[in-house]
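Chains as they are written, first to last, in the working numbering: chain A, 627 to 941; chain B, 627 to 941; chain C, 627 to 941; chain D, 627 to 941.
Keep in mind the hints are simulated off the structure, nothing from the lab.
Watch out, some of these pointers could steer you wrong.
Because identical chains cannot be distinguished in the list, a pair is counted as satisfied if it fits within a single copy or across any two copies.
Using 30 angstroms as the maximum straight-line C-alpha spacing, the simulated DSS-like pairs for lysine-lysine come out as follows [claimed, not checked]:
hint: 1; residue 1: Lys-764; residue 2: Lys-840
hint: 2; residue 1: Lys-737; residue 2: Lys-723
hint: 3; residue 1: Lys-653; residue 2: Lys-664
hint: 4; residue 1: Lys-764; residue 2: Lys-930
hint: 5; residue 1: Lys-930; residue 2: Lys-840
hint: 6; residue 1: Lys-764; residue 2: Lys-827
hint: 7; residue 1: Lys-672; residue 2: Lys-659
hint: 8; residue 1: Lys-764; residue 2: Lys-737
Protein chains: 4
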Amino acid sequence: MQTLIRNGRVVTAVDDYHADILIEDGKVSMIGKEINVKADKRIDAKGRLVIPGGIDPHTHMELPFGGTSASDDFETGTRAAAHGGTTTIIDFAVQYKGQSLNQALDAWFKKAEGKTSIDYGFHLICTDLPDDRLPEMKDMIRQGVSSFKLFMAYPGVFLVDDATIYKAMQTASDGGGLICMHAENGVVIDAMVRRAVAEGKTAPKYHALTRPTKAEAEGVHRAIALAEMANAPVYIVHLSCSDALDEVVRARDAGLPTYAETCPQYLFLDYSVYEKPGFEGAKWVMTPPIREKWNQDELWRGLKFNDLQVVSTDH
Amino acid sequence: MQTLIRNGRVVTAVDDYHADILIEDGKVSMIGKEINVKADKRIDAKGRLVIPGGIDPHTHMELPFGGTSASDDFETGTRAAAHGGTTTIIDFAVQYKGQSLNQALDAWFKKAEGKTSIDYGFHLICTDLPDDRLPEMKDMIRQGVSSFKLFMAYPGVFLVDDATIYKAMQTASDGGGLICMHAENGVVIDAMVRRAVAEGKTAPKYHALTRPTKAEAEGVHRAIALAEMANAPVYIVHLSCSDALDEVVRARDAGLPTYAETCPQYLFLDYSVYEKPGFEGAKWVMTPPIREKWNQDELWRGLKFNDLQVVSTDH
Amino acid sequence: MQTLIRNGRVVTAVDDYHADILIEDGKVSMIGKEINVKADKRIDAKGRLVIPGGIDPHTHMELPFGGTSASDDFETGTRAAAHGGTTTIIDFAVQYKGQSLNQALDAWFKKAEGKTSIDYGFHLICTDLPDDRLPEMKDMIRQGVSSFKLFMAYPGVFLVDDATIYKAMQTASDGGGLICMHAENGVVIDAMVRRAVAEGKTAPKYHALTRPTKAEAEGVHRAIALAEMANAPVYIVHLSCSDALDEVVRARDAGLPTYAETCPQYLFLDYSVYEKPGFEGAKWVMTPPIREKWNQDELWRGLKFNDLQVVSTDH
Amino acid sequence: MQTLIRNGRVVTAVDDYHADILIEDGKVSMIGKEINVKADKRIDAKGRLVIPGGIDPHTHMELPFGGTSASDDFETGTRAAAHGGTTTIIDFAVQYKGQSLNQALDAWFKKAEGKTSIDYGFHLICTDLPDDRLPEMKDMIRQGVSSFKLFMAYPGVFLVDDATIYKAMQTASDGGGLICMHAENGVVIDAMVRRAVAEGKTAPKYHALTRPTKAEAEGVHRAIALAEMANAPVYIVHLSCSDALDEVVRARDAGLPTYAETCPQYLFLDYSVYEKPGFEGAKWVMTPPIREKWNQDELWRGLKFNDLQVVSTDH
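Here chain A stands alone, though its shape is the one from the complex (with noise of 0.2 angstroms):
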């Protein structure tokens, strides 16, 4: 099967020109000025741009969560991925308390099969890793999950302890992986929540008000510290704001292999959607939340020079 794509114009991470291309049995073999083959389907793409398809490496179709599920499934979420020209994601497997992390994997492979329009793969996230299970991370590696996210929020769901933390790191980092962090302080988040709640303060802006950027920095420095000492890199997952941002700056200064991503959401939106009248602020209830609008101009000065290194969705 052939498919040649002519007189559009390609875009790459690095280049800028007019060309055919051709494809065989699903991958580009040829790139040319002109490509004269007579292929199965051709497509004229003047005046169109040509580009590579998008990773998006942070996604969450069909995750439980606080007693709900993430609306997207794998055929839906995909198929829109698809529309939106993101060829692959990285989705996050869940180790639940007790679970091996196969057993996660496998839930989430059978929750993916067949369903899916696109590429895919998996970070695992552990909850569960007293020292025995340890090994297990090694075994994930060999099998392609090299990356593992672990929460420094959500205590008593995700959240794992410090101890914890710096132990994966150097097991995951020995085997040549990684570990994704969601870097905020979800014990004094979780004490401030509560007083929040105490005192009747339920509307939607107070989810952003019990998660300020110093509870995201801290994470942030405390992650970067943690695998300082563990001699392992680290990634920062969903960094939404300045001063987490300069956690990150501080390390690469130092020459610390640390890494992190933003969102479309911490770019674009800022903390004003809280302010909506009724209930309607709701809709942007996310972790870490949408911050102060001058964060934005940090975050985008981060990407142009190279401090962040990628751009998800956290879908």
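Following the hints, put chains B, C and D in place on chain A, whose structure we already have.
Below, chains B, C and D without anything else, positioned relative to chain A:
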């Protein structure tokens, strides 16, 4: 009762001059070029320095710890202090699990009573601060005990979690009090210690090698972040190294009410003490441990530039 | 001659207490709870503060500048100072091109002689320091004039080049002296001024708009870098803004012997004075100019945290 | 004319794969898994890397300097470049005092014409930029020479003052051009050199000892400050040391359009070359000089984290 000190060289925090000093009923009542009074007691201080009595804000008389107890009691310790020119100590009373703050303070007053040769006061080490005990802090402040020490180290013994620290900071600050922080990531240190022990690494030097400077710096950063979120000041006890000092400097440069003390052992000793043959190095087992020599210069710089405010002994 | 000040509240750099003070021949000879002496003069200071006389280390009495002259001479200026509690000034003698340093000092002593109501000393502004004149600096230091002011601003008038500054720093430091630096990039400011004038922008506010904070910060950074290369201390005069303070903070954090003063005008006034209607804004034309209001907080932070050491008036 | 390169391993800035490459009339016209064309010339690249030609943006062919001249002319230099895989150089044309920019460019085009084996372009070194010559910069940019090098070093030869730099930055930036800066405080270096010579310190190592890293860092900081005031980008040439890199990092962390290159000599050699016996060290006399070894790690970190953007040779 009058005492006259004649001909001494008076050196205070800001002055240096020759003068006579008259003391009436234990208080300086007059300083002058030449005081002509028939005092009950006359001391000729010619050729000597006359300086105010020292205050040591970090002592642990009769502290039970690790299955043994501090070698000095309030009698020997304060007598030794007096010989060195220290006329006031602030010792640490310890609240154990289940005790009220008042019980803790009473216990320590009982230890000290009748034994001391010099003035003394107390900070209160809190190990058990559920929400319904927090109001006791304000009561303590009204009684004159306005500083409370919390531990990020020693899990299972002294360690309290970040939420407790955060709430204690708010409560103390509200009442005009201050949190003193033992700032080391004790949970990670514990993991390092367990591994070292498992590997048979039990020589004295492993005490230092399992408590890296980054674990202290992380604690200092977190303490400052919690204080900032609580809108409270914070005082770091026994800061030992450049990495930790960097965090204090950064906070003070940002205008945060952050204070720190260091101790003579960190200013004058270095890690090589742990390399002494046999078990000799055990004499210097303390927490935080003695650091690499180059840290000393940084601590002296900190004192000179007011980034460190206090030298105490941690006796 | 004896003067007794009774019942005042004595406030010094470190103390605050009620006491009597006896002054003999112009010097405090005794401080005490109750001094019973028949003094020639008795002052009842009940309800009043008794404080040491202020020292203003930055005044310009009778300074000829820009075709006019400072409005105060040593008589009116020092009388005014005395009324405000300032009992010592350090004024600036100016060495003009071709003069020896001694000639400059003599000229200023002549201006001051017999006119002053308070103590005074001199710094020396140097505008002409070829290599063969450098030794005169050490001679000045021996005479008690140990601080020399150099200008990075005012090309053609006061400005000296970086090599002169570097060599003067070495020479002064060798002799135990200190360079005081007017730190603004005067050459770039001059280019900005010329353009503004060419464009008809001559309203008072353009004085401020052609002297941006970055031009001052650059000067401060350069002064510190020259001092570091010369292995000498440096004292920045009339620091006006956060950008410039950042450079001082950075230097002090690195342990460099860097000192700086700010002035009341920068602590209390802000740029809006230049926006007053008509020519009114001209009243506040000074160098560096008054800055945007937010700088004030940073300067206060600097004073509080010992990043700024002195408040002078630049009278 | 067609050339076919077969079976090579193609490595570009972002990709690494095996493919054939077809070149028609000197341009890549097709890249594919297997290209079946009867080309005029066929090259078998099996087992070899196929990479894009290198660009060296900092060369000095036939440059007259210090009474002698660069040993390579455009013929030998570009032939050597081609042998190393460099297919484009950007050399520096020099405008001498009194010349127009066009005269300078013409002179260098004449030197290069007919001699080069590879592509070439020019930056323009400006040594004489009075206000009425500034408009020529925009003319140059329209002709395709959009980068201008200015010197803070070499007083009396290349050095231009800060006002000139500031105005040139504004003018170049206005026209879409860029200032390349040789950033060292040449005036202070000159004073150090004169003293060293006066003291008979003329061994090769004194070349390095009279050009300290702080003199370079000061120049870099000043260049960035001038660019910020001019609202223009700046490109630092041949950055050699950690102190100077710190200034670039600080600027980029603040979002300023600051760029810098380093060179292989700073990445691979260290100061010890100057300590070789006799006059041997003179082989490594270059500006800035080779630095202490530890600087190398910092430069590599800079490249890795995108704080340095370019490696050139300064041939």
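(Q) Of all the hints numbered above, which does this structure not satisfy? Sort the numbers upward. (A) Checked against the structure, no hint fails, so every one of them is satisfied.
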